[in-house]
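**Q** Mapping of the sequence shown onto our numbering: residues 1 to 118, in sequence order.
Fair warning: there could be bad hints in the mix.
In silico DSSO-like links for lysine-lysine, alpha-carbon gap of 27 Å or less [as the list claims (entries may be wrong)]: (1) K55 x K66; (2) K32 x K2; (3) K75 x K55; (4) K55 x K73.
Here are the simulated distance ranges between beta carbons [stated by the list, open to error]: (5) P21 x Y71: 55 to 61 Å; (6) P76 x A8: 41 to 47 Å; (7) T64 x R31: 32 to 38 Å; (8) E28 x D102: 37 to 43 Å; (9) D102 x Q56: 21 to 27 Å; (10) G37 x D13: 16 to 22 Å; (11) K66 x E95: 18 to 24 Å; (12) Q77 x P21: 51 to 57 Å; (13) A4 x E95: 53 to 59 Å; (14) P3 x L84: 39 to 45 Å; (15) R104 x Q9: 42 to 48 Å.
The hints are simulated quantities; they were obtained by calculation from the structure and are not laboratory data. If you're wondering where the values come from, they're calculated on a predicted model, not measured in any experiment. Glycine is no exception: its CB is placed at the ideal position from the N, C-alpha and C atoms.
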Amino acid sequence: MKPATRLAQIELDIPNWESNPALVAEVERLRKEIGYGSQQGTTPRTETYRYRVYKQDCLVFEGTTKEVAAYLKVKPQTVRNRVLSNYQPKGTGKEYRIERIDLRVKEMEGDIHGNIDT
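Using the sequences plus the hints, can you model the full thing?
**A** Following this line, the structure appears as structure tokens:
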């Protein structure tokens, strides 16, 4: 019997299944097996990298892979490849330098709270 069918059978046909520990354990196992109650695709994707685009050593743009790709009019994979391989393009693209920032590394520079010394 399929897990969803068995789950429906227990919940609908047995009125007091909550009082039976064996049935409660089986219902929990079946719900976990079929993913009952979980909403797929609703967890926000954590952003791990930001990219900075420099033109003649001046920061001109900062954003995600897709945002930088739209700004430079290239594909997102091109942005990632240029950063990882230190590729220096020829032609119109050579004036741009792309730098990746890892958001998982939390570096603190200076005093973030200001001078509190009295």
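**Q** Given the hint of 39 to 45 Å, check if P3 and L84 actually sit that far apart at their C-beta atoms.
**A** Hint holds: Cβ distance 43 Å, inside 39 to 45 Å.
**Q** Need the status of pair K32, K2: alpha-carbon distance at most 27 Å?
**A** Measuring from Cα to Cα gives roughly 14 Å; hence the hint holds.
**Q** Hinted pair, alpha-carbon criterion (27 Å max): K55, K66. Please report holds or violated.
**A** Holds. K55 to K66 sits at ~19 Å (cutoff 27 Å).
**Q** Is 42 to 48 Å respected by the C-beta to C-beta distance linking R104 and Q9?
**A** For R104 and Q9 the Cβ distance comes to about 46 Å; the hint holds.
**Q** I want to verify a distance hint. Is the separation of the beta carbons of G37 and D13 within 16 to 22 Å?
**A** Holds, since G37 and D13 (Cβ atoms, about 21 Å apart) stay within the stated range.
**Q** Take a quick look at whether K55 and K73 sit within 27 Å of each other, Cα to Cα.
**A** Given pair K55, K73 holds - Cα atoms ~15 Å apart, limit 27 Å.
**Q** Assuming the hint says 32 to 38 Å, is it satisfied by the Cβ distance from T64 to R31 or not?
**A** holds, 36 Å
**Q** Quick one, are K75 and K55 close enough, alpha carbons at most 27 Å?
**A** Roughly 19 Å between the alpha carbons, so the hint for K75 and K55 holds.
**Q** I want to verify a distance hint. Is the separation of the beta carbons of K66 and E95 within 18 to 24 Å?
**A** holds, 22 Å
**Q** Quick one: are A4 and E95 within 53 to 59 Å, going by C-beta?
**A** holds, 58 Å
**Q** 51 to 57 Å was suggested as the range; check whether the CB atoms of Q77 and P21 agree with it.
**A** holds, 53 Å
**Q** Look at the Cβ atoms of E28 and D102 and judge whether their distance stays inside 37 to 43 Å.
**A** Since E28 and D102 have Cβ atoms about 39 Å apart, the given range 37 to 43 Å holds.
Hint check: no violations occur; every hint is consistent with the structure.
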